[in-house]
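With the hints as your guide, set chain B with the ligands onto chain A.
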Amino acid sequence: MSLTKEERQAIAQEAARMPSPRAACLDALRLVQERRGHVPDDALREVASILGMSEAELDAVATFYNLIFRRPVGRHVVLVCESVSCWIMGCERLREALSRASGAPRGGTSPDGRFTLLPIQCLGDCDHAPALMVDEDLHREATPEGAASILARYP
Amino acid sequence: MKPLTGLIPRSGDALPLADYAAAGGYQAVRKALGEMTPSEIIQVVKDSGLRGRGGAGFGTGLKWSFVPAGPDAPRPRHLVANADEMEPGTFKDRLLLEGNPHQLLEGMILASYAIQAEHAWIFLRWEYRLAARRLRAAIAEAAAAGWLGRDILGSGWSLDLRLHVSAGRYMCGEETGLLNALEGRRATPRAKPPFPQASGLWGRPTVVQNVETLCNIPHIVARGPAWFRSLGRGADAGTKLYGASGKVRRPGLWELPMGVTAREVIEGHAGGMREGLRLRGFLPGGASTDFLSAGQLDVAMEFDAVALAGSRLGTGTIVALDDRTCPVGMVLNLETFFAQESCGWCTPCREGLRWAADLLSALESGHGRPEDVETLAELAASLAPGSTYCALAPGAAEPLQSALLLFGDDFRRHVTDGRCPYSLRAAA
Ligand SMILES: Cc1cc2nc3c(=O)[nH]c(=O)nc-3n(C[C@H](O)[C@H](O)[C@H](O)COP(=O)(O)O)c2cc1C
Ligand code: SF4
Ligand code: FES
Chain A
938 MSLTKEERQA IAQEAARMPS PRAACLDALR LVQERRGHVP DDALREVASI
988 LGMSEAELDA VATFYNLIFR RPVGRHVVLV CESVSCWIMG CERLREALSR
1038 ASGAPRGGTS PDGRFTLLPI QCLGDCDHAP ALMVDEDLHR EATPEGAASI
1088 LARYP
Chain B
36 MKPLTGLIPR SGDALPLADY AAAGGYQAVR KALGEMTPSE IIQVVKDSGL
86 RGRGGAGFGT GLKWSFVPAG PDAPRPRHLV ANADEMEPGT FKDRLLLEGN
136 PHQLLEGMIL ASYAIQAEHA WIFLRWEYRL AARRLRAAIA EAAAAGWLGR
186 DILGSGWSLD LRLHVSAGRY MCGEETGLLN ALEGRRATPR AKPPFPQASG
236 LWGRPTVVQN VETLCNIPHI VARGPAWFRS LGRGADAGTK LYGASGKVRR
286 PGLWELPMGV TAREVIEGHA GGMREGLRLR GFLPGGASTD FLSAGQLDVA
336 MEFDAVALAG SRLGTGTIVA LDDRTCPVGM VLNLETFFAQ ESCGWCTPCR
386 EGLRWAADLL SALESGHGRP EDVETLAELA ASLAPGSTYC ALAPGAAEPL
436 QSALLLFGDD FRRHVTDGRC PYSLRAAA
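For the record, the sequence lines run as chains A and B.
Start counting the first sequence at 938; every next residue gets the next number (our numbering).
Start counting the second sequence at 36; every next residue gets the next number (our numbering).
Just chain A, same shape as in the assembly:
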């Protein structure tokens, strides 16, 4: 078993509150991811069986979402907006600076496992472009020069 008893209970409880158990599947995947950083295969299998879904069905949902990670990520996830307003305001240079400062390539993890750098669609903060998120924090009007000091806050 890869889920704790408490996790299995939390998932079953959430499923019982829903009109159909599978409606709780995203919350369940997120619960797993919040504690492990990503959703490993064995946990996915167990969640599927609690919710009465096949493994393939649940994986189809999990892989649809770009913010459910099926593979390990770094301690901190950096989401750099690459959409139109941020592009106009120079997100490419920002991303390169973040990549240099973190050691993580676009779409990859730094060798020390500290950062994963992912492109993201419009963060809904276009009047403060370019924008990025590190974990749950939004950083606005970021500059290439300031990239290293943003990352320094995330040990």
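Derived by calculation from the structure, the hints in this document are not laboratory data.
Bear in mind the structure is a predicted one, so any value in this text is a computation, not a measurement.
Just so you know, not all the hints are guaranteed correct.
Which residues of chain B face chain A? A partial, calculated answer using Cβ under 10 Å [said to hold, decoys possible]:
no.	residue
1	M121
2	R164
3	W237
4	R285
5	L356
A few chain B residues that face chain A, going by a derived Cβ cut-off under 8 Å, partial list only [claimed, not checked]:
no.	residue
6	T125
7	R129
8	Y205
9	E218
10	R221
11	G278
12	S280
13	M365
For glycine and all other residues, C-beta sits at the position ideal for the given N, C-alpha and C.
For chain B with the ligands alone, kept in the frame of chain A given last:
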């Protein structure tokens, strides 16, 4: 008049329940449940002329009237607030969610009562972390105050309202994709008909509305349709959140009368273009709207007028293109987004958008061929409404087809010069 944003604290905090209530908040629920039948509310919303603020501008009251009524109608019913806001260039619902969450809840309670729904959902994108915290707090406060839950105000009507936090993908905002996502499925769209108002979540009648649309409802119920219509300057009723981003002097978001001109937004509120830059064109309402040219700045920012000008009001948040930014690069950025977000269900969208993005990428890097420009026009035409299940593909065609018309010389120069003529812009 700023009914939607006037109460939002300048400090950046959310408006507390006590302040919302002191300013008349939740009185529309009291009025509706005490004095009005559900069909009367639908009539008031119809009379107000409110059109959906999620991009398509469908009449809100009309949509509600399609929900089957009467004792034999299917139950339970659902109301969904679409807070997925992922249209590139759009940042309006964020302010309403973060600044005045109770206004949204009140709008949802009223809409739910009008269609006699017993379940309401907020479908929120994950990235809106602050909004999620504030909505959770507001839902708990509203439930404790008796505005949500069982037998609201002794009316016999109950409403269970929940927050669903999503995990990315533009498609989740498309209303039938959203319904699949809420049911725990991949967010591919559903064929219509049946429309969600007849058969939506778990096959039950469901209404999906944009956040800004719902935030208008308490004011319409409290102050009446004539007042609401008087807020608009031209054909459309109410106020609207308008935004501007790109290289304008003061990017931002403003609540203004429906029908202000694009010039007032860009030159007035946003202060015009930055020093040394000229406006070349603009997307009037997000990534999936046709470019308008700088010569069309006097278009009234309302649904029919923008359509007449050759584009769509969309979300009303303008993205400005300046004369030092490459239009081909901008369209490449947009089509790359759409290609990536395509759910893959329909061939023209899955294959055509990827192809368009590849051609644009070749052009932008100076490897384009003369015939590529024509191929792009053909691809845009193949994505027209009617050839795909959902509006993602036709939306993707809009900035492409209009850019080819407005900035055709730029596309051709990329071919003849064998490089991007703007490529030194980064140095500037
Ligand atoms: C690909 C796609 C994405 C969409 N995303 C959103 C969204 O994030 N928010 C939204 O309100 N509407 C979005 N829409 C429009 C919805 O399908 C729907 O029309 C809208 O939520 C209805 O609300 P309204 O009538 O209040 O505007 C999207 C449409 C498409 C085709
Ligand atoms: S148009 Fe594109 S996004 Fe919409 S259903 Fe078809 S493939 Fe999916
Ligand atoms: S385009 Fe980056 S936040 Fe909107």
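Okay, the hints, checked on the actual structure:
1. M121: Interface hint status for M121 (chain B): holds (6 Å vs cutoff 10 Å).
2. R164: Given a least distance of 5 Å, the restraint on R164 (chain B) holds.
3. W237: holds (5 Å)
4. R285: Check passed: Cβ of R285 (chain B) comes within 9 Å of chain A, closer than 10 Å.
5. L356: holds (8 Å)
6. T125: holds (7 Å)
7. R129: holds (5 Å)
8. Y205: holds (6 Å)
9. E218: This hint holds: E218 (chain B) lies near chain A, its Cβ roughly 6 Å from the closest one there, short of 8 Å.
10. R221: Holds, about 5 Å.
11. G278: Given a least distance of 6 Å, the restraint on G278 (chain B) holds.
12. S280: Because about 4 Å separates S280 (chain B) from the closest Cβ in chain A, which is inside the 8 Å limit, the hint holds.
13. M365: holds (7 Å)
Violated hints: none; the structure is consistent with every hint.
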